[in-house]
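Trainee: Chains as they are written, first to last, in the working numbering: chain A, 155 to 369; chain B, 155 to 369.
Wrong hints could be hidden among the right ones.
Any copy, or any two copies together, can satisfy a pair, since identical chains are not distinguished.
Subject to a maximum C-alpha distance of 35 Å in a straight line, what follows is the list of computed DSBU-like cross-link-like pairs (lysine-lysine) [what the hints assert, rightly or not]: (1) Lys276 <-> Lys266; (2) Lys173 <-> Lys276; (3) Lys266 <-> Lys173; (4) Lys276 <-> Lys357.
If you're looking for bench data, these hints aren't it; they were derived computationally from the structure. Owing to the predicted nature of the structure, the values given are computational and were not obtained by experimental measurement.
Listed below are the residues making up each chain.
Number of protein chains: 2
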Amino acid sequence: MTPAVESLQAALQWRYATKQFDATARIAPDLWAALEQSLVLSPSSYGLQPWKFLLIEDEELRQQLRPHAWNQSQITDASHLVVFLARRRIDSDDLERLITATASARSLAPEKLEFYRDMMRKDLIDGPRSEQIERWASNQVYIALGTFLTAAALLAVDTCPIEGFSPAEFDRLLELEGGPYRSCVVCAAGYRAAGDPYAALAKVRYPAAELIERR
Amino acid sequence: MTPAVESLQAALQWRYATKQFDATARIAPDLWAALEQSLVLSPSSYGLQPWKFLLIEDEELRQQLRPHAWNQSQITDASHLVVFLARRRIDSDDLERLITATASARSLAPEKLEFYRDMMRKDLIDGPRSEQIERWASNQVYIALGTFLTAAALLAVDTCPIEGFSPAEFDRLLELEGGPYRSCVVCAAGYRAAGDPYAALAKVRYPAAELIERR
């Protein structure tokens, strides 16, 4: 086994949905910077990045959010709390933004990217996928979540992804109502408390033979 | 920077959506085993694993699938092709399966897990989320996709996630119609062709200051 395989497998085995965070343990700034970078570098369909990541630092705001997430202690105790936002819809401004960024990063005339803009427009704005755009945007956000959870595990940072919250209340408290983004999923990050009983529980996974089928 | 941070950042920078795979380059079996393991160990809400992963090995089947994915060469040329399947709905059998596996992995009497079953039932079967269960299951599958893409990059395996395919035609060819799973997203894995022009293009990402907001 190569060292890369070994550290990947160890990280994925070590990871679990942390229930009790050590409220005094903070993620070091350089480590956190690497995790922010993993969010920025997450893949998305067409590279459209239909997301934003709110890092909730204000203690009082965390206290206000907590009752709208089944009062889970992770909301206030974890070192870092990220609310993953998804774009509510995709319009021509989104395409323009990506075309401009692409032309700039690759030193191209934007006109050279017209086929790319057309392809996205026909799929996401005029095509059948436009009717499911919230779902499409959510899917992309969950790629970022998967990337973040894996990246954190590799850096020995504990996480707890949280779907058990009220998006409506979060949107209200985070002043997202009427804006282009909505609360999609939440993730707490930090370090497990010494006493978290969940840390010691065996991981439950169906056998590979049931999950992976060859055709 | 720690070695873990360095290799993570290098992997995420190195990764791109590979357009041309080297059709002769195969992922070594032990490396592929590690990637399968990353699928099995992917996190999911409640640990419900509402997914299955079809590894398409049959060359003829790949040829048949290709026209239903915009004729993209990745479908036939990549070393490995995975169709990520999502469960169409969640019923009491799914909960039973998880409770049984959990009781067995953790040496508990299944009765001790009744609260857990109730919580899932109230959310996913009787609750408001039941109306959006396809979306919920898709989201989970995309966590697995994010995990897989990141794991592959860490092992220097190239990937191309593919949303541009016809789920209806894939379901037909993969004989999934009427079954409990549906085609959700596709991912090709292998090694980039020496001549893939996309490999050299600068990565396009919005600035961290636009994507990450502090509150």
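Trainee: For each hint, tell me whether it holds in the structure or not.
Mentor: Each hint tested on the structure:
1. Lys276 <-> Lys266: within (17 Å within a copy, 52 Å between copies)
2. Lys173 <-> Lys276: between (44 Å within a copy, 21 Å between copies)
3. Lys266 <-> Lys173: between (50 Å within a copy, 19 Å between copies)
4. Lys276 <-> Lys357: between (43 Å within a copy, 24 Å between copies)
Every hint, counting from the list given before, is met by this structure.
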